[in-house]
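Engineer: So the protein lines, in turn, are chains R and X. Heads up: the first sequence begins at 1 in our numbering, then just goes up one per residue. Heads up: the second sequence begins at 1001 in our numbering, then just goes up one per residue.
Fair warning: there could be bad hints in the mix.
One-sided excerpt, in silico: chain X residues whose CB lies under 7 Å from chain R [as the list claims (entries may be wrong)]: (1) G1250; (2) G1357; (3) V1359; (4) K1386; (5) S1396.
With a straight-line cut-off of 30 Å between C-alpha atoms, the simulated DSS-like cross-links for lysine-lysine are [claimed, not checked]: (6) X:K1325 <-> R:K159; (7) X:K1346 <-> X:K1325; (8) R:K159 <-> X:K1085; (9) R:K159 <-> X:K1346; (10) X:K1267 <-> X:K1216.
Hints were generated in silico from the structure; no laboratory data involved. In this text the structure is predicted, and so the values were computed from the model without any measurement. Beta carbons are placed, not taken as given, at the ideal position from N, Cα and C, and that holds for glycine.
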Amino acid sequence: MSGAAGASARPVAGARAAQLLAARLPQAVLRREEGYGEETVVIAREHLVVAAELLRDDADGLYTMPLFVTAVDWPDREPQAPRFDIVYQLRSLHFNDTCRLVVQVTEADATVPTLERVFAGMDWHERECYDLFGIVFTGHHDLLRILLPDDWEGHPLRKDYVSFGEPVAFTHNLQWALPAQERPRDMPGASR
Amino acid sequence: MAAVMPPQGGPGGADPFAPGRDRLGVRAENDAVELVELGDNTMELNMGPQHPSTHGVLRLVLELDGEVVRECRPDIGYLHTGFEKSFESHTYQQCIPLTDRMDYLAPPINNFGFSLAVEKLLGIEVPPRGQYIRVIMCELARIGSHLVWFGTHALDLGATTPFLYAWRERETILDINELVSGVRMMTSYIRVGGLMADVPEEFDAMVEQVIHTFPKFIDEYELLLTKNPIWVQRTRGLGVITPAAALAYGCSGPTLRGSGIAYDLRKAQPYSSYDHFDFDVPIGTRGDVYDRYLIRMQEMRESLRIIEQAFRNLPGGPVNTEDRKVALPPRNEINTSMESLIHHFKLVTEGFRTPRGEVYQAVESPRGELGFYLVSDGGNRPYRCKVRAPSFSNLSSLPHMCRGELIADVVAVIGSIDIVLGDVDR
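All chains should be modelled from the sequences, with the hints used to inform the complete structure.
Structural biologist: Printed below as a string of structure tokens:
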């Protein structure tokens, strides 16, 4: 049977990559996290390219297929922790495994070295991530917007990019739907 | 599960991917990163986004040296809809209709991938009957998608008849969609926790009809093209991609299997009972347009095999999970129990919450690995949902395949990748 039962019967996805990195490149591994049968390795930014090459070339990894790179925006995390998680997912056909690498960067320094020379397929994915999140992939040969028009302003997948027009004011959300001075005086949350 | 990579190279040790094939133009060992040096006498030609062979809204900027393509720069994004942003403001069940509209030729498979990802977060499993019906609907969608590809690909290369035949048969599949979900294309039939509803009685006869008639139809298509000298000449040795290059670009599905790598997620990481069914994964030997054609024709037959096995062994019982955290209370309970009524209201308006965490769940779509990377902050909507679209990665290998080919062959290469721009642009 597949689903939950099948997932638990399978080895933890990405554990192979995590062990390989921990053994061969321990200085790159900042943290390992496991959940839902998948393991994530948080990598130091300066070791990202070496780590990717190791995972691709080592006979114990052979993560030769790039699946995607994207970002996750946690604006409330700053300044205690970096705002962006840059997430790389790779697949090893040889060992039938996927692994996930995460590099954390701050809003002020949202840059990460490009992996397009490690995986040709990362080229477009990095452009997409730049387009939608504004993450700069240093060393990329052609870092232009790919999905949005060239003159688009902002990076829509950031959490502080508002995707819709004016919010509708209901009594329960007046706090944020209207500026304080425009709230009806007899409504809860109105400024007196 | 270890060795999914077959021995590389063709019969007799000859490398079928070696450059210097008997065609115009020279194929250097090319790389997307290094741009080709342009001569003085090249011409830039714009192709699309309204060009009929670009299937929607793909624009290509071609650098031509005479008729030979020196460089090809795809320009995408004309169909960008911002689904990933929209996901963040919809509850999980509300996201299902959005997924339909990404790869609009195989909507059930999109629903399926998203549902599986959410179910992984929730830790729930769909009952066997639900799993089998999901498989049947997805394989029907795969055949339907391949039929559209078959018709349009042949039409692009000048064969008109296959288009009409393919549309005729696809109608049957759309009729089944309509029967089970009320909608012909954007079905939203597969949902988190199971299905919209169990299949109606007439479903059996219609699937039976597909199982009986489609093998004959596929024979008919193959009679038109497979050994047709014009077709073979037009597609053999064209748009070659080596296994190593296909992997580096992240190609998947028939584009990867055409280069001889037998990787199919239904086999490699079976989900939803795919391991119960006996089917083969067809692979190519040369990685050209013709191989990718053969693979998709064979895949339709394999899908029919899966449909037949799932249909003959269709278990009874419920189609939806019993987990009341996700499943709506049954109608008769709503009529008699106030708690059920409230619960129903809450599930429909607020939806359910998922535990914190992140998962990656991939399914095999007609175009390759369709993955959903889902991040949950414990709320009732995805905090972030990245769609790993197979067409996006496959299309990024187009410049690699087109370099050194004739301009007229670009059309054949685009057709052989079988892109859906809704899937590329999202």
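Engineer: It remains to establish, for every hint, whether it holds in the given structure.
Structural biologist: A quick look at each hint next to the structure:
no.	hint	in the structure
1	G1250	holds, 3 Å
2	G1357	holds, 5 Å
3	V1359	holds, 5 Å
4	K1386	holds, 4 Å
5	S1396	holds, 4 Å
6	X:K1325 <-> R:K159	holds, 28 Å
7	X:K1346 <-> X:K1325	holds, 10 Å
8	R:K159 <-> X:K1085	holds, 9 Å
9	R:K159 <-> X:K1346	holds, 26 Å
10	X:K1267 <-> X:K1216	holds, 26 Å
Checked against the numbered hints given earlier, this structure breaks none of them.
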